[in-house]
Amino acid sequence: NAGVTQTPKFQVLKTGQSMTLQCAQDMNHNSMYWYRQDPGMGLRLIYYSASEGTTDKGEVPNGYNVSRLNKREFSLRLESAAPSQTSVYFCASSSGWGSPLHFGNGTRLTVT
Amino acid sequence: GQQLNQSPQSMFIQEGEDVSMNCTSSSIFNTWLWYKQDPGEGPVLLIALYKAGELTSNGRLTAQFGITRKDSFLNISASIPSDVGIYFCAGRYGGSQGNLIFGKGTKLSVKP
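Chains as they are written, first to last, in this note's numbering: chain A, 1 to 112; chain B, 113 to 224.
Hint data in this document are derived by calculation from the structure and do not stem from the laboratory. Ideal Cβ placement from N, Cα and C applies to all residues, glycine included. A couple of the hints might just be wrong.
[As the list claims (entries may be wrong)] Here are some chain B residues pointing at chain A (derived, C-beta under 8 Å):
#, residue
1, Pro151
2, Glu153
3, Leu157
4, Lys216
Next comes chain A alone, as it looks inside the complex (with noise of 0.2 Å):
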């Protein structure tokens, strides 16, 4: 049971370049996330998707697309990188509304 799997583990990009996080979760939840942390601000939030077929921004969504491809999937795009991204993504999900969060082991990007 790998519960949440995030890919790639590693990113490097040049401003302006554009990627996908993939994110996949086994534990049949309802409700995913993306999160990014920074030094000294804790984790905040990107985006959302309560269940499928919904998403919804979180704190910090300028710069950020998502798609809840199926229940288990659900990916962060970044059109055009820029270095104020650079930042360890963090997907997690959860069974549902008060439900806790699981998270993946993070993906580390840096913008140059």
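Based on these hints, arrange chain B on the given structure of chain A.
For chain B alone, coordinates are given in the frame of chain A:
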């Protein structure tokens, strides 16, 4: 917006000592979660609290949901080297899936 104040920011203690950390806010929360993050990994849920006044233990860890619903604390008894890591509190407010915010973390170091 909602904010959580987590303290202390860091702790450096002797093995065997007890540890206490807390999160406070001016806002009311209906769920408190405590996570631990090891280097290079995602946060792992330690304890979830759902009712004001609730006191819950998980091994050597004890957490409480403050009676005012504006704070929570986490205690670790008889610390051991593997307790090293960053501890995060998270509070949920309102009815939306996106209404979960994280404290900035307490970094715990344990001297053998």
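Evaluation of the provided hints:
1. Restraint check, Pro151(B) versus chain A: the minimum CB separation of about 11 Å is more than 8 Å; hint violated.
2. About 5 Å separates the beta-carbon of Glu153(B) from the nearest beta-carbon of chain A, less than 8 Å, and the hint is met.
3. At about 5 Å, the closest approach between the beta carbon of Leu157(B) and any beta carbon in chain A falls short of 8 Å, and the interface hint on this residue holds.
4. Interface restraint check for Lys216(B): the shortest CB-CB distance to chain A comes to about 4 Å, inside 8 Å, so the restraint holds.
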